[in-house]
Amino acid sequence: MSIYDVIFYLFAILTIGSGYLVVTSKNIVHSAFYLLFTLFGVAGLYVLLAADFIAIVQLMVYVGGILILLLFGVMLTNKVTDVKIRTGTIHIIPAVIGTGLLMGVIVSMMLRTNWKSEPGELPFTTTYGLGRILLTDYVLVFELLAMLLLIALIGAASIARRDNE
Amino acid sequence: MLTEFGKIFIFLLLAIGFVGIALFAAKLIRPHRPTKEKLLIYECGENVEGSPWVKFNIRFYVVALIFLIFDVEVVLLFPWALTYQEFGFYGFLVGVIFLLILGLGMAYEWRKGDLNWDRTKPNIPELSKILTNKNVSNVKIDEQIKES
Amino acid sequence: MKKAEAIFEILKNKFPDADIQIDSETPTEPIISIPPKRVYDISLFLRDEEGLLFDSLMCLSGVDDANGEKIKQEDDSEIIKGGTLSVYYHLYSVSLKHKVTIKTSADRENPEVDSVEPVWKTADWHEREAYDMFGIIFLNHPNLQRILMPYDWDAGYPLRKDYKNPEFYKGMKVPY
Amino acid sequence: MYELLKDIFGNDIIAYIIGAALPLFVFILPFALFAVYLERKISAFMQDRLGPMRTGPYGLLQTIADILKLIQKEDITASETDKKFFNLAPYLVFAGSYAAFAAIPFSGMYIGSNVDVGIFFIVAISSLVVAGLLMAGWASNNKYSLLGAMRSAAQIISYEIPTVLIILTIVMVTGTLSLEKISQMQTAYFWNWMIFGGAGWGLTKFLLFPFMVVAFIIFYISSLAEVNRTPFDIPEAESELVAGYHTEYSGMKFAMFFLSEYANMFAVSAIAVTLFLGGYQSPFGYLGNTLGISWLIPIEQLFWFTSKGIFFVTIQMWLRWTLPRLRVDQLMAVCWKYLIPYAFVNLIIVGIITLL
Amino acid sequence: MIEVGLNHYLVVSSILFSLGVYGVVTRKNAVMVLMGLELILNAANINFIAFAKYGNFGLGGQAMALFVIILAAAEAAIALAIVLNLYKTFSNVNVDEIDKLKE
Amino acid sequence: MKQYFKNTWEGLYTVFVGMIITFKHLFVPSVTIQYPSVKVPLPERVRNRLYVNMDDCIGCDQCARACPVNCITIETVKSLPEEDLGKTSNGKKKALWVTKFDIDIAKCCYCQLCVFPCPTECIYMTDVYEFAEFERNNLIFNFATLTADEAEEKIINYEKMMAEKEAQKAAAAKAKAEAAAKTKKEDNSTEKNNGKEKDSE
Amino acid sequence: MGLLDQQFSDSNIVITKAEDLMNWARLSSLWQLGFGLACCAIEMMATSASHYDFDRFGVIPRPSPRQSDIIIISGTVTLKMALRIKRLYEQMPDPKYIISMGSCSNCGGPYWEHGYHVLKGVDRVIPVDVFVPGCPPRPEALLEGLLKLQEKIRMETLRKKSV
Amino acid sequence: MAIKTEEMVLNMGPQHPSTHGVLRLELILEGELIVDVKPHVGYLHRCFEKHCEAMTYPQVVPYTDRMDYLSSMYNNFGYAVAVERLLGIEVPERVEYIRVIMGELQRIASHLVAIGTYGLDIGAFTPFLYCFRDRERILSLFEMTCGARLLYNYIWVGGLSHDLHPDFVRLTRDFLNDFKPTIKELNNLLSYNKIFIERTANVGVLPLDTAINYGMTGPNLRASGLAFDLRREDPYSIYDRFDFNIPVGEGTHGTVGDCWDRYYVRVLEMYESIRIIEQALDKLPEGDVTSAIPKRIKPPKGTIYTRVENPRGELGYFIISDGSLNPFRVKVRGPSFISLELMGELCKGHLVSDVVAVLGSIDIVLGEVDR
Ligand code: SF4
Ligand code: SF4
Ligand code: SF4
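Residue numbers (our numbering), protein chains in the order written: chain A, 1 to 165; chain B, 1 to 148; chain C, 1 to 176; chain D, 1 to 356; chain E, 1 to 103; chain F, 1 to 201; chain G, 1 to 163; chain H, 1 to 371.
In case anyone wonders, no lab produced these hints; they're calculated from the structure. Every residue, glycine too, gets a C-beta built ideally from N, C-alpha and C.
Okay, derived cross-link-like pairs now, EDC-like style, lysine to aspartate or glutamate, Cα gap no bigger than 20 Å in a straight line:
hint, chain 1, residue 1, chain 2, residue 2
1, C, 103, C, 65
2, C, 173, G, 113
3, H, 38, C, 152
Derived coverage of chain D by chain H (criterion: at least 3 residues anywhere in the stretch with Cβ under 8 Å from a Cβ of chain H; other residues may be distant):
hint, segment
4, 46-58
5, 321-335
Whenever a hint applies, use it, and build me the whole structure from the sequences.
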C-alpha cells in the first residue's frame, strides 16, 4: 500500500465518518461542525485527484462560506431551550432500509460498470487551465454565473430582509 | 513521492501533533482540583441567566450571506486573473463585466441598507415620553434658560 | 427668585385644605413641612407653576427623627416606638435660580409617603435608597426595592437609629 | 539539504519533516514568544514605561516564564460546556494558523511547500480558523465567548473580501499564484518590489505605483482585521466582552490560542511582505553575490524576510498601542463601504494598466 | 489490496450520497435537510473530479465541479434565506410541521 | 460623496497623527521608578506607618479618642507616688504606666487625626510603608514598653495602693461621709476598669 | 493526576530542580485578574501605570479569571460583593494566589466598627496569602507585597509537608 | 411577524474591566442591540451615613475622602463648607485660596482619570497611561502638602491640616506649564482621532430637559448645552473672584449632549482649572491656615444643605445637627448616583459596545454612588 493509498483511506474515512455523524447526531450545531470535517475530507480527496484549485475552492467556499452561513442560520433559527438543540427524526427504520438499499444499488452499479479508467494527463496545476477554459469554452457560463450570483445576492438578501423593518 | 500538498498535510499533522503533545505535557504537570463553583460558567461573578445559545442577531447572518456571494465571486476571478492577459482586451472585458454585474449587486445592497449593521435608530431619551404626567414646564425651561 | 416664605404663602393659598407649615427657626434654611399624602400634588404644582418652576430635585433624604419612645431591650439595645420618619426634599429651579426645602413626616410604624418619581425622575433611586435605609414606603413608586443593600437583606433598615446588625449573612459573620 | 536528508533516510516524509517542517516550527514557536515580549516592550516604551524587567535580563525570559506557567495551570472545562468541541477548537485554530506558514517562502531555498496556488491556499486555510473560533465560542456556552466568536467570524470573513481582491490585483500583475514566483519576480533591488510597480522600467511601472500603494494600505488594514488586532479587536475587546471567544479557556488551551494569535500576526505580515515588499529579496543586492559565496544568499534572504516580517509586526503593535477600537457596525462599514469599493476600483484600474 | 483507483472514489462518493439522502429523508429540520443536500452535492462533485482525472476528459470535469460549488453556494444562500423566512412566518423550521401549518 | 472621501482621509490622517505621537514617545525616557532597587525619597509629611515614641507618651488617651476608627487601644495604670516615671522631652510629667498601647495598623486609615492632639508629639507617622505580612495578626503593633509581667506588676501595685488608700479613706470616711463618697465613686470606676483588664488577661 | 497534585515523600535532585523551575515560572508570571473594588483600586491602577509599572514584574491584567493567577482584593469587600469575590476566586484555575490590599480587605479597615454592610476582612471568605497594609497602600507597598508573595511562591514545594 | 431574536440577559460586572469598579449592569440584549440596561448598585455600599452618625464632626472628614475617592479633596471641601455654614464661621483668606487651588488640582486629577479610563473603555490603552503619568505629578504635589496620595483628610472644618509646602507654588507652576502641551498631545492622540469620534459622537445623546429632570449636574449637564456651574451659579468659597469660562457641549462632531461632548467638556474644563489655579497662585495671600479651626465643633441645632461643584457635578451635603458633637444625620447627594440612574435611558437602542462608551462618558465613581 503506497502512501497515496494511506492518505486516500484517511480522507475517505474522515469524510464518510464525519458524514455519518452529520446525519445522525442529535444536536444540529454538532452536525454543522461535523460537516466541517466532511468538507475538509472531500477537499483532501480533491487534492488526491489532482484538482488543487477545486480543493482550495472547496475549502474557501464550503468551509469558509457555506458552513459559516449554515452555522449562523442554525443559531438564528433554532429555538434553543436549555442545552441541546434537538432535531427530530422521522421514520428512522424505513429510512435506514431505504437508503441502505439505495447505497447498495449505487455502489454495485458503480463497481459493475466498466469505466474507461485511464489516468489522464492532467496538468499538475489546474488553475491556469481552468482560467483558459473559463475564458474560452465557458465564457457564457462565466457571465451567467455572475448573473446568477447577482440574483442570488439580491434574492437572498431581500428574502432575509423581508418584513424585518 | 511527496507532493507539495503532501508537505502541507504533514505540516497540518505536525501542528495538530504539537497541540496534542503540549496539552498532554500540561496534563502531566498541572493540578486538577475541580470544585462545583469552579466549573460554573463565568459571567463576571454573577449567576448565569439563561443560555447563550439563543437565536442570534440577523445581522451576522446577512453579513455571512453577502460574504458568501462575494467569496464565490472572487474565487471565480482567480483563474480569470491568471489568464486574462493572454486574451488581451477581450479577456479583460469578460472579467470586468463579471465584476460590474456583482458591483451592481453591491450597490443594490448598499442602497437597500443591507450593509448597515443595525437599522434601528438609537433612542434619545425624550422627557415628554419618560414623564407620564402632564408637563407644562419643560418647554419653558428651555426658553427661560435661553433668556437668562 | 422667591424666598421660602413667599413660596409658603403660595402653597398655603393653593392648598388650603392641607396642613402646611413653615419652620423658619433654623438659622440656616427655612423648611416647609407638608403632609405625606399630599406630596405628589404639591410637588407637581411646585414644578409646573409659573413663577415657581422647580424643575430639579437636588436631593431627597430620608431621616429617622428618633423622636419616639425609646424602649430598652434586655440585651442593652434600644428600639424606638412611635415618632416619625421624615423625608426632606431640596428643590432647585434651574430656570429661576431659587431653592426651597420641603419636609414631610410620616408615622414610624406606617411610613407611607407619596412618591415624586413621576414628577422628578431622579427621585427614583433616591426614594429607593430611602426605602432601603429607613423603610419609608413611597406610594406609586414603580420599582420600590432595595438598592444598596442586598435584595434579600432581611435584617431591617440600617439607617434607623435602632438598627441592630444580624450576626450572620449567608454564612458570613457580620460584626467584627 | 533536503536531498541530502532524503538520501540519508531514504524516505522523503521523514526527510521533509526533519529538513523543512520542524525547522519552520522551531522558528515560528519562539517567534510567537518573542513577539509577545516585543509587544510588551514596545507598548511599554510607548507609554513611558519599561515593560518586563525582572525576569531574566531586561525581562527576556518573561514569555518563557509565561508559557511555563501556563503549562502548570489547571485546565478548567466548565461543566456546562460542550466538551468535545471545546477541546477540539484549539486544535483547529492552531492548525489553521500554522498551516499557513507552510506556503510562505522564507527564502529562496526554504519554503515549506511550494504549492502552485500558494497565496490562494493561505487565504483558504484561514477559514479553518474561523470555524475553530466559532466552535470555541459556541462550545464555551458563555455569552461573552459566543458574542466574541460571532463577531470574530463575521469580521474575519468580511475582511477576507478586500484581502482577496487585493491579492487578485497582485495576481493580475504577476500572473501567478505561487508566492515563490511572486518573490522571485521582485528580485534584487527594492525598486523592483511590487509596491513600486514591480520589475521592469516601463510606463506601467510608474502608473502602477500609486495604485499599488493604495492596494498595500488596503491590504494592511484588512490583514489587521483578519488577525483581530486593534483597531479591529472587537471580538476580544476587553472593555466589552471580557476576553472574547477564549474567555472560558485556561491553561495550555488558552496558550494555544495565544500562540496562534501571534503566529497569525507574523503570517499576515509575511504575506504582505511577500506580495508587496519583495518577499525574501534583499533591498540592495546580496552580499553573497558580491563575495561569490552562494550559500550565503539563502541566509541573507531569511534574514531579510524575517526582519521585514517583524517590522510589519511591529507596526501592528504600534497601531495597537495608538488607536482606540471600532464598534462592530463601524467595523463592518469600514470593510463593506470603504475597503471593498476602493479595492474594487483599484482592481479595475490596475487591470487597465496591465493591458497597456 | 488493489491500488486506489476510480472505483474507490466512486464508492466513497456513493456512500456519501446515500448518507446525504438519509439525512434529507429523516431530518425534519430544514437546515438539516440543507446539510444533507450539501453532502449530496459533494458526492456528485467527487464523481466529477474523479472522472476528470481517470476518464481523461481534460479539465471539463473540474470546471463542472467548480460550477457546482458555486451553484451550491448560491443555493445555500437562497435556501437559508427561505428557511429564515419560514422561520419568520411559522417560528419553526421543521418541514413537516410547516406543511401542516400551511393548511 | 464628499463626506465619503473626507471620512477616508480623516481616518487615515488622524491615525497617522496618533502614530507620530506614540512614535515620539518611544524615545521619551521612561518615568518608571524601578522600585525594589530604586526608592524615591518620600516627602517629609508623608503618612505611613504610625510610630509611638513611648518614652514621651504620657498615656493621656487623646490620640485614641481622636481616632475615627478606634484602632488605638490604650490602657494605663496610675503610677505609685513614689515611682518617678521621668519627664517627656517637652517637659511634661508622666504620671501613668502605659500597660498597653496597641495600634491595629490593619484597621488604621492613615488619616493622621491621632497625631495632632498629642500633647507630647510622641505619636507620629513615619515613612515606612513596607510591612506587608502573611498573617494579619502581625499587623497589630504593640508599642507598650512594659512586658506583660511588668504590666501585671504595675496593676497589682496600683491595686495594692488603692486598697491601702481605701482603707485609709474608710477610716477617714466616718468623719467626712459626703466627700468620701464622692471620691470613692471616681475610684471605683477606675478600679472597675482595672478589674476588667485583669479578667481579660 | 498531574504532577502538581502529587506529593513526594522524599526529595531528590530532579524534583528539587523541577520545583525550582516551576516556582520560578509561576512567580515571574503572575497574571492578575483585572478587577478593582474601591479607592485602593485606583492605587492599583497607578501601580500598573507608567510610574510603577506592574509589567516589570510580569504582572498583566487579564479580564477573565480563567487565565489569571493572582487576584488582588483592592478595596472594601461588602457583603453583597463577598459572594461574587468568592466565586471569582473559585473560578480561577489552580495554582492561584491572593493579595489583600489595603485596610478594608485586611479587616474592614475604617469600616470595621459601624460597617453593617462591610465584610470584616476578606480572609473570611477566601484564603489570603499576603496582607498589604495601608489605606490606600502606596504603589510601592503593593509592589513590596508582590515581592513577598514571590518569596512565598519560591518556597513552595512538592514535597510532602511533614506533619 | 418580524424575526424576533431572543432576548438575552448579559451581565456586565461586578467584575468587568470597564465598569469602573463594582457595578453590575444587567443588559437585556436582542442580538447585540440593547433593549434595556438595569444598573445594580450597592456592591460598594460602605455605610458612610451610618458612620457619620457615630463620629464627631472632624472625624467625619476622613470618611468623606473615601466616598468619591477620585476627588477626595473636593469632598473634604464640600463637607468643610457645609459645616462652616452650619457653624457660621469665616475662614482666613489663605485657607480659601489654598482650598481653591487644591480643589482645582483635584479636578484636573479626577478629569485625567475620567479621560484616561474613557480612552481605555474605547480601547486606547496608551492615553490612559499618559493621563496617569500626569496625574502622578499632581498626586506628588498633594503628597508633599499633606502626606497622602489619594485620601488626604486635608481640608478641615475651619482650616487646613497643613500649610503649603514651601516648594509647592513653584512646583505647581512647573507642572501647569508642562501640562498644557500634554493636553494638546492628548487631544491629538485621542480626542480628534477619527475612530474615537466615530465611537463617541452621536452616542448616548442626552437632551437638556431630560438632563435637568434627572437632576444631572456637572460636566454631564454642561455637555447637554447649559452653562450651569455651581461655582458661578451658587458661589461658595471664593470662586466669584476668579475669571474662568464654563465650557458647554457644542455638538462639534455630532449632537449636543453626546458622549464626545461629555468627554470634551472635561478636557476643556482642565484648561479652565489651570486658569483658576494660576490666578489663585498669583493672588495667594500669606497667613495662618489653622487659626480658625474650632477646638470643639458643636454646631447649633439646625439643618443645612450645601452643594459644591465637584469634578462630577453637584455634591450636596445635607447635615442635620441636633446640637451635639456628632451629626444627627448626614446625607450625601452624589453626582454619580444621579448620573448612573440615567444609564438605562441613554443606552437603549444602542449596541453593546456603546454601553461602555456611555458609561465611561458619564464618569461615575462607585464609591460615591454607593457611599
Ligand atoms: S491615623 Fe487615623 S486611623 Fe490611624 S490611628 Fe491615627 S487617627 Fe486612627
Ligand atoms: S496622645 Fe500622645 S501622649 Fe497621649 S496617649 Fe496618645 S501618644 Fe501618648
Ligand atoms: S483600605 Fe482605605 S483606600 Fe483602600 S479601599 Fe479601604 S478605605 Fe479605600
